[in-house]
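All chains should be modelled from the sequences, with the hints used to inform the complete structure.
Chains as they are written, first to last, in the numbering used here: chain B, 9 to 285; chain R, 389 to 712; chain E, 51 to 379.
To be clear, the hints were calculated from the coordinates, so they are not data collected in a lab. Among the hints, erroneous ones may be present.
[As the list claims (entries may be wrong)] Under 7 Å between C-beta atoms, here's a sample of chain E residues computed to sit facing chain R:
| no. | residue |
| --- | --- |
| 1 | M105 |
| 2 | N141 |
| 3 | A152 |
| 4 | S153 |
| 5 | P343 |
[Unchecked claim] Which chain R residues stay away from chain E? Per the calculated CB distances, all over 12 Å, these:
| no. | residue |
| --- | --- |
| 6 | V548 |
| 7 | K549 |
| 8 | V552 |
| 9 | F672 |
Yeah, the Cβ is synthetic: ideal placement off N, Cα and C, and Gly gets one too.
Below are the chains, spelled out letter by letter.
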Amino acid sequence: MIARSSFIQRYFQSRTGVIGLIILTLIIVMAIFGPTLYPVDPWDMVSRPLQWPSFGAEAPLGSDVLGRDVLSGLINGARVSLIIGISATAAAVAIGVTVGAVAGYFRGLTDDALMRITEVFQTIPNFLFVIVLVAVFRPSVFTISAAIAVVSWPAVARLVRGEFLSLRQRAFVESCVTIGMSTPRIIFTQILPNCIAPVIVTSSIMIATAILVEAGLSFLGLGDPNVMSWGAMIGFGRQSLRTSWYLTLIPGVAIQLTVLSISFVGEALNDSLNPRL
Amino acid sequence: MMKRYLVRRAGQAVVVLILIACVNFLILKLAPGDLVDVLAGESGGSDPHYLHLLREQYGLDRPLYVQLFQYLSNLVQLDLGYSFRFNMPVRDLILMRLPATLLLMFSSLAIALLGGITFGVAAARAPRSLRDSLISTTALLAYSTPLFWAGLMLIILFSVKFGVLPSGGMATVDGPKDIVSIIVDVSRHLVLPSITLALFYMATYTRLMRASMLDIYNMDFVRTAKAKGLTPHQVAYRHVVPNSILPLISLFGVQLGSVLGGSVVVEVVFGWPGLGSLAFDALFQRDVNLLMGILFLSSVMVILVNLAIDLLYSWLDPRIEVGA
Amino acid sequence: MRPILEVRELSIHASSGGQPIPLVEKVSFSVEKGATLALVGESGCGKSMTALSLMRILPEPAVRIVGGEIRFEDEDLVSASERRMEQLRGNIISMIFQDPIASLNPIQTVGDQIVEVIRTHNPISRKEARARAIELLRSVRLPDAERRINYYPHRLSGGMCQRVMIAMAMAGAPKVIIADEPTTALDTTVQAQVMALLRKAQTETGTAIILITHNLAAAAEAAENVAVMYAGRIIEQGPVREIFLSPAHPYTEGLLGAIPDNAEGGVEIAPLAEIPGNVPRPGTLPSGCAFAPRCKNVQQRCRNERPDLTAHGNRRVACFFPYSQMIAQ
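Structure follows, in structure tokens:
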């Protein structure tokens, strides 16, 4: 295992990692405190429709066809994106780690069966699968997160299974088996801590992907109808693309910045958790 | 040897296919309302006769396994049901829309592969140079861009501002009818959607190609190639690049499903008349049966293409003995 | 006789960001036409880097030559143009590597790989080059050469792949062949065959051979002269027979002591049984003699000062307290 201080040091050696962390922190702060500091309802008609960004007091980033405030949409959308990105990933990691650990630890028939199921979920085209799930179970923040989790756990399962297969053979695990340690205890205290690093790196990529998927869903009109999200804003803005393209541009840049900063953080984590030469 | 391998892989594919069908059935059973309500959605809601027919067919009062069996046997016969909205069997509807999607997918995958290899090679041949960081950063940026948004931005640029390319559709409505101008016309319509769909995958391939080349550069046989007196250019293109492309090919298979998903949003943005727009229409008319059909046939396609890629891979990489 | 290849004060440094780390320091040796020189040492002593530098195929820019000369006939290869080096590599100076299977491109047939080196240096047709490749494979006694020329490397054994590598090295008109642990990865029975092949090539063409090995006994069998390297420097060099019979440097003695245990196995000697400790990692050398921490004859002086390579009869030794009575004989 890597000493904590050297890991933090290595992380801060990456310029993009630091930039990503700063942007991401700003976005998280915006998502948490934004609605209190800028208490404008994203659904309210607050100004004349299709106001271009003026950076003034009223609708600083402009307003849409219905006179809704773009800045307020941006702030509230950050919340939705992050909540869905994190909860979907957390659920996917939970499923993936369980399946991968069981398959890799017990091997044999259990492994075969679980891997076949994993293959099934990997074969079904992800985004289409999410669309069907959300359409059938009705869109809400919960169903969207759940649907994204359902399609994204196989990557974690395969990763964890691979780690378990190799760690299971190591001497320290064999010795735990010999001294009669219980199976769950071996899994949780001996093997799992050793495959945390790659799981963390994969999770960061999964959060980024989940945010992109959610944006795609709400762009198609499959978002939670009760919350304002960036994808939905692009969907609304699309109708006045030719004249008021800022309506499409602004939320798109927000998505891009968020996903990019998460990717930067993920890369820096990867480099600092798996140091090579 | 080859035959036995094919049979075994085909067998595995069938198992996966049946499991996919079971997953579909499971979704339908878990959904609020009974199987027929969900399947018909609002599309058949107005047609009690159709609902009655469906109920008859699935026998909702019969045990679960009988229903599952009925569902599976329908799928095996590629009987995906009937779409009342489009007044057509779902299978025919899908097959009608498939060519447009295939055209879009394969042209963008070709762009993505070619671009990805080119940029990946350019970055890996001068690691940590300005060129490398420019390419790597651009790739990461493309990687972070929602496809549909990239498409909209391209429309603003090339259709609205410059007015050089059509912003949607697959062909000009009243265009000339001779074969050459149809090809030119469709190609012009194809440019923006295929570039949009390609962006993300080009970024992935660029990153993978770069990483793979840097790996291969450390291999012993590359040292041998240098020791033979080859120029850096020859070492790169005769030895490093061919070995680095192999992982790209397997990624191609893994990503096919994701490309199909990506084509949904891209087709919606550009009004491209393929499976994606069909899925979008099905969504809005709550034609779950049609949606399920698209999902199932897409999965079949992914399985078939992956089978083909396995064969291609074993042909390209002599180390893989197909029989073993 | 004038040496065909003479290395003078060659230094190689590695630099990964910070301070440059010396890998090879002021190494000098030479080899004559038709003769064999062995560079001997444990792994990590800098012998492989020296070998790669002779071809100028070091993993630049991380590792590069920082000083010295490599005189080949009348030119200095350290300052030669990249173009000139391309003409020499694989043609006039060729190289054989340790792991023959990994040293061949896995997705090209061995025939194509030999044809490539032939056609890189000779303007002949594919067909002619192929005929020449078959001829070469026969001369290295690859059984069934006409058929095996179409094989991919993974279908050949390590020994067969090494024969292919030797055929490739012989494809031009080599005046120097550098063999970097050519038998280490092979079975014992095959090792002798490969060495015999190299000798045969040498007598037929008069090429000089630089044999890089960790095995002093193998060196004694194949070479006339030997240079023993430790921690990037030569610590003893001279006629192999003399050194083998009466090593002057305690490290050389230790290397000899280690042979009986390892002569059979193909693995590189890890920590020597007779020499406690390990080769110091580059960049972490002690201030005095690099071998002092492991030396059984160590004195205070060894820890403070680094001994230079000095002449003792017809060999050179870098030790303050060599086994001089043996040298006197």
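Results for each hint:
no.: 1; hint: M105; in the structure: holds, 6 Å
no.: 2; hint: N141; in the structure: holds, 6 Å
no.: 3; hint: A152; in the structure: holds, 4 Å
no.: 4; hint: S153; in the structure: holds, 5 Å
no.: 5; hint: P343; in the structure: violated, 32 Å
no.: 6; hint: V548; in the structure: holds, 48 Å
no.: 7; hint: K549; in the structure: holds, 45 Å
no.: 8; hint: V552; in the structure: holds, 42 Å
no.: 9; hint: F672; in the structure: holds, 49 Å
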